[in-house]
Amino acid sequence: MKALRLHRELSAIWGAPPGWRGTISTVNHSDIGRRLILAAFAFFAIGGVLAMLIRAQLATPRSAFIGPEIYNQLFTMHGSIMMFLFAIPMFEGLAMYMLPKLLGTRDLAFPRLSAYGWWCYLFGGSLLILSLLLGVAPDSGWFMYTPLSSKPYSPGINADFWLLGITFVEISAIAAAVEISVSILRVRAPGMSLDRMPLFAWYLLATALMMLIGFPPLILGSILLELERAFGWPFFDTARGGDPLLWQHLFWLFGHPEVYIIFIPAAGVVSTVLPVMARTPILGYRIIVASVLALAFLSFGLWVHHMFTVGIPHMALAFFSAASTLVAVPTGVQIFAWLGTLWAGRPQMKLPMLYLIGFFVTFVMGGLTGVMVAVVPFDWQAHDTAFVTAHLHYVLVGGFVFPMLAGAYYWLPHFTGRQRTFRLGEAAFWLIFIGFHLTFFLLHLAGLLGQPRRIESYPEAAGWTWINLISSVGGFVMAIGFALFAIDIALQLFLARRAPRNPWGAGTLEWAMMTPPAPYNIASLPRVGSREPVYGEPDLANELARGEGYLGAARNGWRETLAVDLKGQIRHIIVLPSNTRLPICTALATGCFFVALLLKLYWLAPFAVALVALLGWRWAWVLGRCEDLGLLPIGRGETAPTHAEADDPPGWLGSGFLLLADATLFGSLLFGQVFLIVVAPNWRSDHMVVGSWLVIAIAAAAALLAGALARSADMRVERAIPGHLLLAATLAVSQWQAPAPSGSAAGALVGMLNGYGLLHIAIALLMLVFVCFRHRAGFLSAARSSEPRIARLWSDYAAGVGVVVALASQLPALLR
Amino acid sequence: MFIASALSGCDAPLSALAPAGPTASAIAELWWIMLAGAAGILALVLGLLALSFRRRSRTAPERLWLIGGGIIFPITLLTALLAAAIVLGERSIPARAGAMEVEAESSQYRWRFSYPGTGALPTDETLHIPAGRPVTVALSTKDVIHSFWVPRLGGKMDAIPGHVNRLTIQASVPGTYFGLCAEYCGVGHSRHGFQVIAHAPAEWRAFAAGGRP
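Protein chains in written order, with this note's numbering: chain L, 51 to 866; chain H, 15 to 227.
No lab work stands behind these hints: they were computed from the structure. One or more hints might be untrue.
Covered stretches of chain H, as calculated for chain L (at least 3 residues, CB under 8 Å) [unchecked claim]:
#: 1; segment: 92-99
#: 2; segment: 136-150
#: 3; segment: 162-173
#: 4; segment: 213-224
Sample of chain H residues at the chain L side, in silico, Cβ under 7 Å [claimed, not checked]:
#: 5; residue: E76
#: 6; residue: I86
#: 7; residue: M114
Cβ atoms here follow ideal geometry from the backbone N, Cα and C, with glycine treated the same way.
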């Protein structure tokens, strides 16, 4: 039987070896996705326990259960865990597991990158939990406002755990964002043009692009604050020309999009599950796509609505208030699209639908209170009170947790191949739903009655006692509900009956494969002709299993899948790397760097960086081959080159997206410089660099030289090295003459700018030297020229950055 | 309204819904209007959701749902709401002309109030103001960020290192009002409160002349 033979062959290629060897070396997207989901749920449980402790403390006035020192760690860690270690990784896990299956392909574009991200997340998250166990957890609140989180007011290691641990975890978010963007744009089934993609992929694409732009400001802010704490570079210290408001801007530049980064994938789950429950296609596919993109765009224009009480001019507040209420429009479009879909279809009250109703009720209420707090005068009262606590839990639990629970029950048969037999899911729903509203509904009122956030004790006379008691009882009801959900899932994993292949009668491709899925997903890739390719083709799954689609044969032990363009035309074959321990080793080396900084073993940090660079070299070196293969057959009588011989390989696009995130970080730094010059009350202009046109001129000449030399006809991009060396020397000399970074914010900014420039020149040099070695080893040819082109991209970026750094460090003094 | 009646009165000393000044009153009014509107919208959405499960034959006009419900409906409501909010915000903008100014200096975990231009000595933990007049509070901090909030008299404003922010409050009638720090400021945050005493004119003159309150 052909299907069985093919299954055996492909499983041998795509599977992981058994035991620990497989555990640490697998790069398969299903493995990584499942792990992310399980780990995120474990962190959710830890965050939930912290919430229970908080509610226990607040249940009665003047509670003596835990003192403020511990309480402050609890609420800081509850928020940080739920945001960074639960919500984001949970959706990343679902995306990584589900995307290739929805898109009718075999894996993501960069399997090793997602594995690296997973390990960074696991290690960074564990570091934070360790701080909790040691009793030195961060305690400045999850948005870490300076100067409370600065050295004078938080002298301990607590804040360092947050800044370094979260930054370590954010590496995984950036990795996932690059992975998801490139995979959606490049790695789909043939024929699946962008407007035939499942809606979920559109939502994930919008989310991933938002992450590339949303996370860098936070990463930059964390770097600046850690530099201030560790070396006294005073970015946020008013006395030396910094400003604590810069932290707030950088934090909320990230923090507000973050809320939508959490909501949009969950909305994608709703748009996937709801039409299936209603047994009709979704209403207004194109309008929904437009509204999701609009939401992603608008969410970057309203960070200031977290700062309505910091003393910003009222008309500026009015602008941000308008932008904040405007996001209600694309959200409204989706709500009405879902309602209209339900009206058009014949909705069935199955378990996922029950959770979707929980989503509707809760999220709409959260959205309505969101419009209220976007109204400036009202926010002056509600800001930093329990009203906001209630609002954000309505939005996040309503907008993320309920859809994810619906998604969990919807896709569970896919993960396990089983159908549910026990009826615990309904009971869990009612406990969670009723418990949630008991916990948070009256907290709106408590806020209006004057209860501020983050207090560990309140007087009886304030009149908040009855509300807090009800809230605490509700919290425990909700916790029982989540425990029941976990038990239900565990029972289904181990005890339930086999499910039929497509239990919900859905139309998307993840249901055209065996469940639980094989490591290679599908034995051959379909040609997609509609948005719901499974509808009307009942035999599709069997045809694919028999290898009748594309790539329906094992070849050379390669992990093969296809790259397509935006219209779904086949471009080339991607040969993906196989299982390797490189990701875990690189993550460990990265972890060494962060732990060295945490323990103030600064001499160790350069060794860790060198080790990461060495592993990065190895990472790139093990790919590629020394001969041209030309066009290879891909089935159905068609042929395609491999990605090494393609002119637009995934690595180039991935580098582009990574540089987009990098440029956002750089842009945030330039924003910080302008902000401090304009706003900081004690900006020391006498501490600025003595501006020099000569430095700017030499830097520009060096950058042009590097750019021109990298453009020779035979792709010998390493000729650009002298240009970069000159540029690096210019920046180094300019830094040599600059005022000490610890003396003033002006000096610290110049130090940071030059450091950023030199780091990127070093990265470019490393890549150019790498290409030089690849030429010598015979890996490159006229056809196999993707590596030099990727190196040139980084080289050009570094050259551009060098010029901007020279301008930004010299011009302020010259223009004064 | 059960809730409304439960909240007015002395059992809720920090209630923004028991306003005792013009700004706080206007914001409370805005809240009740927004609450009514939100309840109406919620009822509409949940009603549509419930009705979708009722079996009947119908065609779904896509335009009505997406353009009508998703775009026109929220834009109309939000425009009206924003206009009202901007007018109200302009009215209660800090540093109104003619308002007297007092200074509030916050620190971990104290409040010190001073009264430049009067003969009154600085006071700790208690802010004295004249009733019936707008008073601008100039906010500063000696250490971390704090936030000045007297819920019955108006909104809150942060005290940020290196900056002086201004907030105008007004008590309509003499009395004692309670305030607290709204921005998390460390281990003493929950105890970082103060009170505001609004004086009748004669009493205020005596205070401003340097007399003990």
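* **Hints violated by the structure (listed by number, smallest first)** => 2, 4, 6, 7
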